[in-house]
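Asks: Which chain is which? The protein sequence lines are A and B, in order. Under this note's numbering, the first residue of the first sequence carries the number 1467, and numbering increases by one thereafter. Under this note's numbering, the first residue of the second sequence carries the number 554, and numbering increases by one thereafter.
No lab work stands behind these hints, which were simulated from the structure alone. Ideal placement from N, C-alpha and C gives every residue a C-beta, glycine not left out. Worth double-checking, as some hints may not be accurate.
16 Å max Cα-Cα, derived EDC-like pairs, lysine to aspartate or glutamate [what the hints assert, rightly or not]:
1. K1541(A) - D1673(A)
2. K1549(A) - E1489(A)
3. K1573(A) - D1673(A)
4. K615(B) - D1631(A)
5. K608(B) - D1623(A)
6. K1619(A) - D570(B)
7. K1818(A) - D1791(A)
8. K1572(A) - D1674(A)
9. K1541(A) - D1518(A)
10. K585(B) - D1631(A)
11. K608(B) - D1728(A)
12. K608(B) - D1631(A)
13. K1572(A) - E1500(A)
14. K1572(A) - E1489(A)
15. K1517(A) - E1500(A)
16. K592(B) - D570(B)
Some chain B residues judged to face chain A by a derived CB distance under 7 Å, without partners named [unchecked claim]:
17. A563
18. V573
19. W575
20. L583
21. A586
22. A593
23. E601
24. N610
25. I611
26. E612
27. F618
28. S619
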Amino acid sequence: MDEAVSIRLSVSDFIALTNQTLEYAYPSIEVEGEVASFKVNQGKFVFFDLKDATGSVGCFMTLWQLRTPIEDGMKIVVTASPKLTAWGKFSLTVRTLRPSGEGSLKKSFELLRAKLEKEGLFAEERKRPLPTLPQHVAVISSTQAAGYADFIKIVNDRWGGVQIDVAHVQVQGADAPDQMIRALRYFNSQENLPNVIVIVRGGGSADDLGAFNDELLVREIATSRVPTLVGVGHEVDVSLADMAADVRAATPSNAAQLLVPDRQEYIRVVQRQVRALLPRIEATMERYRQDTVMRLETMFEKLSRRLGEQREKVVMLRRVLLELDPNKVLARGYALTRGEIVAGNVIEIEKKDILIKAEVRNVSKK
Amino acid sequence: MSAKNSVSIAEKTAQLDALVAWFDSDEFELEKALDMFTKAEKLAAEIEQDLATMKNNIEVVKVRFSENK
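Could you build the full structure based on these sequences and the hints that come with them?
Replies: Quick look at the structure:
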């Protein structure tokens, strides 16, 4: 009679063997379920149950690994390793988790938004303007993504002469936030800092864009030394990364438009600026001309007035002279005598119409 | 054209702005205006020429961000 081969182990060895077997069989698994009994102990350790209609499994993780806020009732997917604890309790040691389904994604987004908003991460007064003419730009994106290609094409169409350093990273999936964080730290630690850091990614599902709602990434963007411009998804998509950025672009194409001016428009503005100078010169010349004409007119008026005054003076003097004319006195019947009035002398007497030679017979006082 | 040209575009734009501002300032003199206008016209032509020819320099940095260092 065969007897089943049994292994006798100590409890500790049994637990170790079980964990070895589990680790071999399930090095990493994803489990989807609903969160229940969520709690944080000592401000460091996170415990919750993951359940569905018929089952429930305990989960453990550290608080720093929890980068997406969760609460009871939310549906999530955990990436974890199964483990038997020293007390014989089976649980999942969670490395990462993400909300699953539209409702949970939205709930998680709202929870984190409220938390970060309270800390002032999205405050308008924190926002810095982008440089008008950037000369050195850092771009964080996947170089294979359509959004990146759109961005680069439009930047090249619009402007030139810019040094563009690109960090090729994943822009979706569990590793994406950490890769983008490393790229942000890389550019922020350069001796020759870029003028602006741009993060772009094209459209996708809410799950695809979930990386841009990662708490650590959002905090990294908010504390970047270099001003940030984030353009993720389509116009309707709003991520927390967008909200933490100094400038939010609706799409990668829009990010390119906000980053650099359009060269054709720039040329038009420059030409307009120069053209506007000529009328200013002409206006000044016209002002000078009018001023000169006005001065001449004033001079002419003054001269005319003086001439008039002199003319009146001459007329008046003429009138006086006319009054003194001796012919006028003769005309009134008076006579003019010439010669010495001495008895015996012949004198000349002039009347209005005649001249008389007369001898003086006698001279006496009146 | 290299990225250095962008510096000169920024500088030329600043120079042009200064020239335009001179026309509105108290320093404006009709005798100098034509000379200043000629300078502004020349700068504008240079900016236009630079903008028509310059290209961006794109470099993918040789760092693997998938690895935690």
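Asks: What are the numbers of the hints that this structure violates, sorted from low to high?
Replies: Of the numbered hints, 6, 10, 14 and 19 do not hold.
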